[in-house]
Amino acid sequence: MDRKNNQLKETRTQELIRRLRYNKSATFGLIIVLILILCAIFANYLAPNNPSPSPPELFNALKPGFWSQKGIEGMPLGTDALGRCVLSRLLFGARVSLSAGFVAVGIAMILGITFGTVAGYYGGWIDAVIMRIVDIMFAFPALLLAIVIVTVLGQGLSKAMIAIGIVYTPQMARIIRSSVLYIKEMEYIEVQKAIGSSDRRIIFHHILPNSIAPVIVYGTLMLASAILDCAALGFLGLGAQPPTPEWGAMLSKSYSYIVSGAWWAATFPGLAILFSVLGLNLLGDGLRDILDPRLKI
Amino acid sequence: MMKTLLEIKNLKTHFFTHEGVVKAVDGVSLKVDRGKTLGIVGESGSGKSVTALSILRLIPQPPGKIIGGEIYFEGQDLLKLDNKEIRKIRGKKISMIFQEPMTSLDPVFTIGHEIIETIQLHQGLNKKEAREKALEILKIVGIPDVEKRIDSYPHELSGGMRQRVMIAMALSCHPTLLIADEPTTALDVTIQAQIIKLINDLKKRFHTSVILITHDLGVIAEMCDYVAVMYAGQVVEYAEVFTLFEKSLHPYTQGLSKSIPRLNKEVEKLQVIPGMVPNLLNLPPGCPFHPRCSYNFEKCRSENPELIEIEDSHLVKCHLFTEKR
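Those protein sequences? They're chains A and B, same order as listed. For the first sequence, the residue numbers in our numbering are 1 to 297. For the second sequence, the residue numbers in our numbering are 1001 to 1325.
No wet-lab data here; the hints were simulated from the structure. Warning: the hint list may mix true and false statements.
Stated by the list, open to error - Distance windows between CB atoms, simulated:
#	chain 1	residue 1	chain 2	residue 2	range
1	B	1067	A	289	45 to 51 Å
2	A	132	B	1218	50 to 56 Å
3	A	132	B	1294	52 to 58 Å
4	A	124	B	1108	36 to 42 Å
5	A	136	B	1108	18 to 24 Å
6	B	1144	A	181	36 to 42 Å
7	A	132	B	1077	35 to 41 Å
8	A	158	B	1060	52 to 58 Å
To be verified - Below, simulated DSS-like cross-link-like pairs (lysine-lysine); rule was C-alpha separation at most 27 Å, straight line:
#	chain 1	residue 1	chain 2	residue 2
9	B	1299	B	1258
10	B	1009	B	1023
11	B	1065	A	184
12	B	1127	B	1093
13	B	1093	A	184
14	A	184	B	1092
15	B	1036	A	184
16	B	1203	B	1036
17	B	1133	B	1088
18	B	1065	B	1031
19	A	184	B	1084
20	B	1003	A	184
21	B	1023	A	184
22	B	1031	B	1203
To be verified - A partial selection of chain B residues facing chain A, derived with a Cβ cut-off under 7 Å:
#	residue
23	1058
24	1059
25	1060
26	1090
27	1098
28	1118
C-beta atoms are modelled at their ideal positions from N, C-alpha and C, and glycine is treated no differently.
For reference, chain B alone in the conformation it holds in the complex (with noise of 0.2 Å):
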């Protein structure tokens, strides 16, 4: 068995509009490998979600395109496949959680029949089997009493469960890789540690990969092997778990690690990053980043910068280390 189960190569994502070319994601290239977690972490609008919804071909379209790029999956080229056959992928082989488990479930339905349905489509099941299945998976998701909560509404379940809900339909068909689009964001702070042990547990369980995308650090910290930080639609570090939090390289990277609030260290005043994401529409030139980075010379306001490998999987997007070099 291969151990790169999802392999993207330089990915790009553009959408059309009538302002003009967004360039969500620009030429993003990450690498996931079975039973593994990957974090992809960044600000709003740094085409976190866009690259993890190109994966599954969701990008709603017009106005969106890929436009380029590979993205491999147990060997096959996910953007060559047709629709049908990608909808055999979806839910089966990789499944999505999204971020809003408030409004990601079918109010006119009880859960037991959405995951239910979800099995039934793609392992053609009888109901009945169906059932004793979507049974056991709530309970593997920890839904208490689930004779009597399969077949409760949406509305009556509580935030938390039913994030739990949308982690048993998407773990229903067993998939090899699940993607968790900031799973976490819409709970509070205790069900959050809840959810994030459930997920870790259940990718132990199922020996499922993870592509986890979120802008909590911490969050990163607890769950994640590699991680990817982007920036402007663009990979600007990528590296280890704890080589990214020991000794990140990247300036923003670095910024990002000195804005969170650590309850080991002395009191000070939480730095920020200068500035504000750039408008997609109107990238400056060069390097993304030099607008808000403190190290910006020359050549950063000219040429956009190679993510290069510094040590072994450790690779950085920035001037300062192709100067060195």
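Bound-form chain A, shown alone (with noise of 0.2 Å):
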């Protein structure tokens, strides 16, 4: 009897493996995902250097990499304008980003969720009260109102995440509103009244588990444009500070030599946020597929 049960979860675990794997787009995603991951983790035995070494070895400043004669040995995408290993640094730099991310998208989905269920579960006034502050939230620019918020707090990167998290809250909060007000009103929720539930057994045993299945969708394109807005503050000097390794960071202390040839130090940066970013949101479409019930492929 356990082996027909198991056989049971067993298939729907492998339908949703079948459904990733069909998914060709989703597939990259999390290929990309997953290696990026792997990099944050294992930063400390990848990166072939200290990615911020002092004092700093400005003899080797702007060095190229594994592409010229001029390089380096052990440097192999060359350094930036402190002689500090590129790889070392984008190593390093997406422990920054991606914890950045999640951090960020961690307290947009915690502040997000407690309010856009109380909205949608009890109504009225509440509900009406708190979607006003989130149209008055909705209406300022994202980025415009991190800024805002980081200058209020002020600068750093925990400053920075705490600013991009309460910034996505709005949108979070509009997900799982919308998603509580549909669940809400399913006879089994009626159910659950009748049978004596109280109101915070319902939310927490019947209607989140129900309606999160689009927060988790929405959190993984958060997450995208979490480490984007991050890169964009740090890149603005409001977010991480030097010496840490974050990529907008390190793109905004390397563009301006682009110019006079040391191109690398400012584009593997550059090319590290696109392919987080691509890759998250790849990964993200495809859940959207994979996860809603209508598209049985």
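Assembling the complex is the task here: the two chains are given apart, and the hints tell you how they should meet.
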């Protein structure tokens, strides 16, 4: 009897994997994201050099990488203006960017799910108040609002994460609210009320598990924009502070050298941002297709 | 022990919408004795379900509100309890079965999980004991192969099975009153008969009182001891089940009886009650049934009749009988 049950459960996971495999772009996205995560976790072992040696080895500044005779042994992607290994900084940068993305989206999820669920479930004036605040926050361009919040909180990577988290909260709140509005009218919620479950129990045990699917999808897509926005804040000097190896900051410190021929110091961080955002977007789009029950492949 | 388990007195549940006040239940009085079954019949929108939901105080508020009346359950007025107290009644003392078994179970949990949760909620048992009880009750409601089925998800079960699970969930804490809101409407006929038999058996086994809401007079005949006929938010006739089928008095009840096909009678055209259920936002003056009633006279158009007792436990709300007295 157990075996039959296990088979049932296995086929569900198998179905998920099968759908993912059919979806080529999602698979591609997943691979990029996995590589990114592995780089972030094993940056210590993968990086050939210390990403921020002190004092800086200025005599190594702006040396090209493996493609040139003038390159230095052990610095395959060249060095930046302070003589630091670009590859090592990129690998450690993956750690910074990914954790920034996860923390920001995490904050957005916690706040968004809390406010969205309360608004959707209780309705009435609570809903009106929360959703009008959300509307007001939507009126500002995301990055501008983030800059304002960072200005208030002070600079730094952690502040940038909080700022981005707050900026993304309204989107999350809206998504979860619409799903809660739909789920709370389902019969099984009424049944739960009829057997004497408390509001808290209904929300945590029955409404949230049923309305979480869109949150997963949008969370993945949001991760991409969070990384991008975090890089943007870094580029503007409001996010990660030196010598933290953050992609946006690396880009902003190096782009002026492109003219003098040292294109690598700015190009590689740019590509890293490009690919991680691309990977997460492809994965998020794929997940949306896979988790949508109406699209049976 | 008191004979009467539940007594509803002059219940009024209204819905305050933008278009106006919908008097979904307007002055309903009913009584349910211990171990007996009360049937509530009526067309869609006659206030049957709202009456049932009012007992458990499950009326969505706003727009709905119970604006008057008393509901005595085991001597206690349910309308005076606070939220926490009524939650302890729900599922433990009074349970409800809903119409749609297909959507009444949470798709993310196994059926066992839901029944175990219900048992734990009200009985303070640990998980293992609760699981034992869940297995037992699932066996009682006739789920085959319970050891395996208890870990099934709702989508793996058929409609009839799901309704059995719903009944198991409702009876898991041995309530004294079971409210069944059209429990067989969504099922096909053979399954309907099984579910009716099951509810009848369980009623005897646990000595549970039942309020059965339906628009199917056949189901009423098979299950009920007493019947209340509702029209436009009011009880128009209340009688023992045999009395109601043998000698119904209210023109509406007579119309309902004539509109069911019978096997033992000559084939003739089925009669229908002309007209439609009145809009509850805009009830006709006087008796709400008079525009569809073939007996209507002057008084019906101006004055709403009282529910009066014609003989022992046979009440009717019609001017035809107030006149005679």
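Hint check:
1. A beta carbon spacing of about 50 Å between residue 1067 of chain B and residue 289 of chain A agrees with the range 45 to 51 Å that was offered as a hint.
2. A hinted range of 50 to 56 Å holds for the C-beta pair residue 132 of chain A and residue 1218 of chain B, which are about 53 Å apart.
3. The supplied range of 52 to 58 Å is met by residue 132 of chain A and residue 1294 of chain B, whose beta-carbon atoms lie about 56 Å from each other.
4. The given range of 36 to 42 Å is broken by residue 124 of chain A and residue 1108 of chain B, whose C-beta atoms sit roughly 27 Å from each other.
5. Evaluation of the 18 to 24 Å hint for residue 136 of chain A and residue 1108 of chain B yields a failure: the beta carbon distance comes to about 34 Å.
6. At roughly 38 Å, the beta-carbon separation of residue 1144 of chain B and residue 181 of chain A lies within the given 36 to 42 Å, and the hint holds.
7. For residue 132 of chain A paired with residue 1077 of chain B, a C-beta distance near 40 Å keeps the hint of 35 to 41 Å intact.
8. For the pair residue 158 of chain A and residue 1060 of chain B, the supplied restraint of 52 to 58 Å is violated, since their beta-carbon distance comes to about 44 Å.
9. Proposed proximity of residue 1299 of chain B and residue 1258 of chain B is supported: the alpha carbons are some 26 Å apart, at most 27 Å.
10. The straight-line distance between the Cα atoms of residue 1009 of chain B and residue 1023 of chain B is roughly 16 Å, inside the 27 Å bound, and the hint therefore holds.
11. Distance hint between residue 1065 of chain B and residue 184 of chain A is fulfilled; the C-alpha atoms sit about 19 Å from each other, no more than 27 Å.
12. For the proposed pair residue 1127 of chain B and residue 1093 of chain B, the alpha carbon gap of about 21 Å is at most 27 Å, so the pair holds.
13. Under the criterion of a C-alpha separation no larger than 27 Å, the hint pairing residue 1093 of chain B with residue 184 of chain A is consistent with the structure, at around 25 Å.
14. A C-alpha spacing of about 23 Å is found between residue 184 of chain A and residue 1092 of chain B, which places the hinted pair at or below 27 Å, so the restraint holds.
15. Pair hint residue 1036 of chain B plus residue 184 of chain A does not hold up; C-alpha atoms about 34 Å apart against a cutoff of 27 Å.
16. Note on residue 1203 of chain B and residue 1036 of chain B: the hinted pairing holds, with a Cα-Cα distance of about 8 Å set against a maximum of 27 Å.
17. The hinted pair formed by residue 1133 of chain B and residue 1088 of chain B meets the criterion: a straight-line CA distance of about 19 Å does not exceed 27 Å.
18. A C-alpha spacing of about 22 Å is found between residue 1065 of chain B and residue 1031 of chain B, which places the hinted pair at or below 27 Å, so the restraint holds.
19. With a C-alpha separation of about 20 Å, the suggested pairing of residue 184 of chain A with residue 1084 of chain B holds against the 27 Å cut-off.
20. A hinted pair counts as satisfied when its Cα atoms are at most 27 Å apart, and residue 1003 of chain B with residue 184 of chain A does not qualify at roughly 38 Å.
21. Simply put, residue 1023 of chain B and residue 184 of chain A have alpha-carbon atoms about 25 Å apart, close enough for the 27 Å limit, and the pair holds.
22. Annotation: proposed proximity of residue 1031 of chain B to residue 1203 of chain B holds, straight-line Cα distance about 17 Å (limit 27 Å).
23. Interface hint at residue 1058 of chain B: satisfied, since its Cβ lies 6 Å from the closest Cβ of chain A, which is below the 7 Å cut-off.
24. The criterion of a C-beta within 7 Å of any C-beta in chain A is not met by residue 1059 of chain B, whose closest approach is roughly 11 Å, and the hint is violated.
25. Checking residue 1060 of chain B against chain A by beta carbon gives a least distance of about 9 Å; that is not within 7 Å, so the hint is violated.
26. Evaluation of the residue 1090 of chain B hint against chain A yields a held restraint, the C-beta minimum of about 4 Å falling below 7 Å.
27. Because the beta carbon of residue 1098 of chain B sits about 6 Å from the nearest beta carbon in chain A, less than 7 Å, this interface hint is met.
28. Hint status for residue 1118 of chain B relative to chain A: holds, with the closest Cβ pair at about 5 Å, below 7 Å.
Hint violations for this structure: numbers 4, 5, 8, 15, 20, 24, 25, all remaining hints satisfied.
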